[in-house]
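Each chain is listed here by its residues.
Number of protein chains: 2
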Amino acid sequence: MTTLEDYLEKNAERIDKVIHRYFGDVHGDLFRASAHLLLAGGKRLRPAVVILAADAVRKGSSDDLIPAALALELTHNFTLIHDDIMDGDVVRRGVPTVHTVWDEPTAILAGDVLYAKAFEFICLSDAENPAKIRAVKMLARTCTDICEGQSMDMAFEKRDDVSELDYLEMVSKKTGVLYGASAAIGGILAGANPVQADALYQFGVNSGVAFQIQDDLIDLLASTEKSGKDRASDIREGKQTLIAIKAREKGLDLAPYRRELSGAEIDDLISLLQNAGIIEEVRAVAVERAVVAKQALSVLQDSEEKQILAEIADYFIDRGY
Amino acid sequence: MTTLEDYLEKNAERIDKVIHRYFGDVHGDLFRASAHLLLAGGKRLRPAVVILAADAVRKGSSDDLIPAALALELTHNFTLIHDDIMDGDVVRRGVPTVHTVWDEPTAILAGDVLYAKAFEFICLSDAENPAKIRAVKMLARTCTDICEGQSMDMAFEKRDDVSELDYLEMVSKKTGVLYGASAAIGGILAGANPVQADALYQFGVNSGVAFQIQDDLIDLLASTEKSGKDRASDIREGKQTLIAIKAREKGLDLAPYRRELSGAEIDDLISLLQNAGIIEEVRAVAVERAVVAKQALSVLQDSEEKQILAEIADYFIDRGY
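Those protein sequences? They're chains A and B, same order as listed. Under the working numbering, think of the first position of the first sequence as 1, with each following residue one higher. Under the working numbering, think of the first position of the second sequence as 1, with each following residue one higher.
Heads up, a few of these hints could be off.
[Said to hold, decoys possible] Here are the simulated PhoX-like pairs of lysine-lysine, each with C-alpha atoms no more than 25 Å apart in a straight line:
1. B:Lys137 - A:Lys17
2. A:Lys306 - A:Lys250
3. B:Lys250 - B:Lys59
4. B:Lys294 - B:Lys306
5. A:Lys250 - A:Lys294
6. A:Lys250 - A:Lys239
7. B:Lys137 - A:Lys137
8. A:Lys137 - B:Lys17
9. B:Lys10 - B:Lys43
[Stated by the list, open to error] If you anchor each label on the Cβ, the simulated ranges turn out as follows:
10. A:Ala40 - B:Glu237: 56 to 62 Å
11. B:Gly28 - A:Ala276: 31 to 37 Å
12. B:Ser262 - A:Asp87: 44 to 50 Å
13. B:Gly251 - A:Asp87: 32 to 38 Å
14. B:Arg141 - A:Arg141: 56 to 62 Å
15. A:Gly41 - B:Thr3: 57 to 63 Å
Honestly, the hints are just simulated from the structure, not real lab data. We put the CB at the ideal spot given by N, CA and C, even for glycine.
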């Protein structure tokens with residue numbers, strides 16, 4: 001895994017440099033608010049997927065597509081800024097959220113500015129015009145899907161009958177499609193044919209779903225030091241994760257755990273879920289999605305970049321706890 | 001003026017039909033919230049400008065550009081939904097605002113959905129690919145400007161030193177550029193050369209600024225029955241309109257009027273502003289902008305559509321009080 005981690009680190013440095021060039025020295029509250037989360041760092045996974053997909057389709061093509069890689073990171077950041085308002089979250093990437101530092105109106109506008117810049121940067125890539133238009137359309141449809149995913153996620157909080165299928169649709173829209181668009185847009189701008197572009201989209205969506213399921217497992221199983229997050233916060237808040245859904249379907253009532261939990265209580269809960277086979281089943285769904293993601297890549301010629309894409313799908317489900 | 005009004009009415013019917021086709025029967029809270037304001041009617045002035053600009057550049061071209069005309073209306077509606085949240089407005093187009101019927105998170109997402117659809121519909125127009133990309137870029141830059149204009153407008157509320165120049169920059173961004181983009185995008189997709197596209201943009205921006213200044217005059221001078229709005233609400237709220245700025249520059253203190261005003265008090269205030277020459281000066285700025293807008297059209301060949309565009313600039317400053 002050293003190779004992948006090295007690759008991702010070098011890629012993040014490259015993207016950070018571009019982010020600093022465009023957003024490092026902006027003026028006025030609005031543009032500073034737009035740049036706030038971007039400048040707080042991040043793994044730049046979506047830009048990495050754009051670049052790898054492009055090079056997997058046509059070696060060397062990614063040099064012309066850095067603006068598009070940035071566009072996908074901007075899209076991700078726009079959704080984070082708006083989601084943080086809706087969810088009332090106060091910390092993100094180790095810094096206070098935009099609406100906390102400024103206010104909600106400024107945060108709404110800061111997200112809207114990044115939204116516009118995402119479309120602008122797609123067009124600033126050096127690619128064939130028909131490919132750019134396909135990329136713009138795909139980004140637009142993806143943004144609609146992401147809004148629908150976030151809307152579903154919020155609606156789920158008021159429901160106690162969310163099925164595994166509902167959950168997978170929500171996660172696919174909220175998290176999966178942006179990885180799908182990252183891979184497909186990278187490929188399309190590099191000249192992918194429709195079969196390749198669709199395969200890359202499927203790779204991304206399935207990887208993204210695997211990523212999100214793993215995130216739910218990390219929330220429960222990882223130590224606070226490792227995840228940087230409050231342990232078992234999803235259970236405490238009664239979130240409809242795959243873990244909670246499978247528990248309910250097996251008649252395991254998690255309602256008594258919707259409160260502050262001690263470390264020992266969380267450990268007991270984990271044992272309970274493990275003994276019921278739930279952790280293993282959820283884990284199997286994530287693994288299955290990573291397998292489907294990697295299988296989708298088979299239409300592409302073998303290359304170093306195709307190999308790294310496959311490693312990314314594995315990395316998404318091997319991230320630690 | 002009958003011709004123009006007839007034209008605008010027929011155009012609105014045409015756009016309404018397309019809106020109903022795409023947004024009349026949508027499912028789920030999110031998409032119903034997105035469609036809410038769109039279905040509440042409106043004059044569809046921005047689509048009219050798209051269509052007229054296209055036909056002024058190349059007769060008959062607008063038939064292929066209805067999706068782009070719709071895109072500009074969607075952009076306008078997205079900004080209205082988000083602005084209404086920020087400004088806490090509860091009624092728009094005679095219906096409760098989106099965040100009032102649903103809630104703020106749904107309204108944020110509903111605006112975000114229309115934002116995405118705007119870019120998608122630009123691409124769905126039947127036009128040359130390079131023109132579509134220029135149009136996407138222009139729409140993106142315009143959206144950034146609109147965000148900046150709204151941000152300035154909110155910041156002005158906390159300042160008492162806003163100059164005429166500040167005001168004109170704010171209005172140009174908040175209202176002008178979307179008319180500018182409407183005219184330029186219509187022209188570009190119809191095959192306008194850069195000189196024509198720039199002239200159309202200038203036409204739109206200046207018309208839009210004239211429109212907004214007239215709006216400020218209407219707020220003060222029009223009867224409530226005529227405007228449908230609360231009379232002198234800008235003065236009561238201490239808004240930095242051109243009227244308020246010019247009054248301050250002439251040493252006329254409007255602070256005593258930042259309260260509920262009787263009809264007689266408003267009439268007295270109007271006399272005061274008239275005697276100081278302020279109404280006339282503000283009116284002159286609007287007229288000047290309409291003149292500049294019409295002059296910009298001179299690079300286009302004479303046509304019926306060019307004539308109607310000029311009439312629109314006049315209509316913007318002749319709207320009633």
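Results for each hint:
1. B:Lys137 - A:Lys17: Status holds; Cα separation ~23 Å.
2. A:Lys306 - A:Lys250: With a Cα-Cα distance of about 39 Å, the restraint between Lys306 (chain A) and Lys250 (chain A) is violated, given a limit of 25 Å.
3. B:Lys250 - B:Lys59: violated, 49 Å
4. B:Lys294 - B:Lys306: holds, 9 Å
5. A:Lys250 - A:Lys294: Given that 25 Å is the threshold and the Cα spacing comes to 31 Å, the pair is violated.
6. A:Lys250 - A:Lys239: Satisfied, since the Cα-Cα distance of roughly 17 Å is no more than 25 Å.
7. B:Lys137 - A:Lys137: holds, 13 Å
8. A:Lys137 - B:Lys17: holds, 23 Å
9. B:Lys10 - B:Lys43: Roughly 10 Å between the alpha carbons, so the hint for Lys10 (chain B) and Lys43 (chain B) holds.
10. A:Ala40 - B:Glu237: 56 to 62 Å: Given about 36 Å between the Cβ atoms, the range is violated.
11. B:Gly28 - A:Ala276: 31 to 37 Å: At roughly 34 Å between Cβ atoms, Ala276 (chain A) and Gly28 (chain B) fall inside 31 to 37 Å, so the hint holds.
12. B:Ser262 - A:Asp87: 44 to 50 Å: Once the Cβ atoms are compared, 46 Å apart, the range 44 to 50 Å for Asp87 (chain A) and Ser262 (chain B) holds.
13. B:Gly251 - A:Asp87: 32 to 38 Å: violated, 50 Å
14. B:Arg141 - A:Arg141: 56 to 62 Å: Check failed, 22 Å falls outside 56 to 62 Å.
15. A:Gly41 - B:Thr3: 57 to 63 Å: holds, 59 Å
Hint check: violations occur at hints 2, 3, 5, 10, 13, 14; the rest are consistent with the structure.
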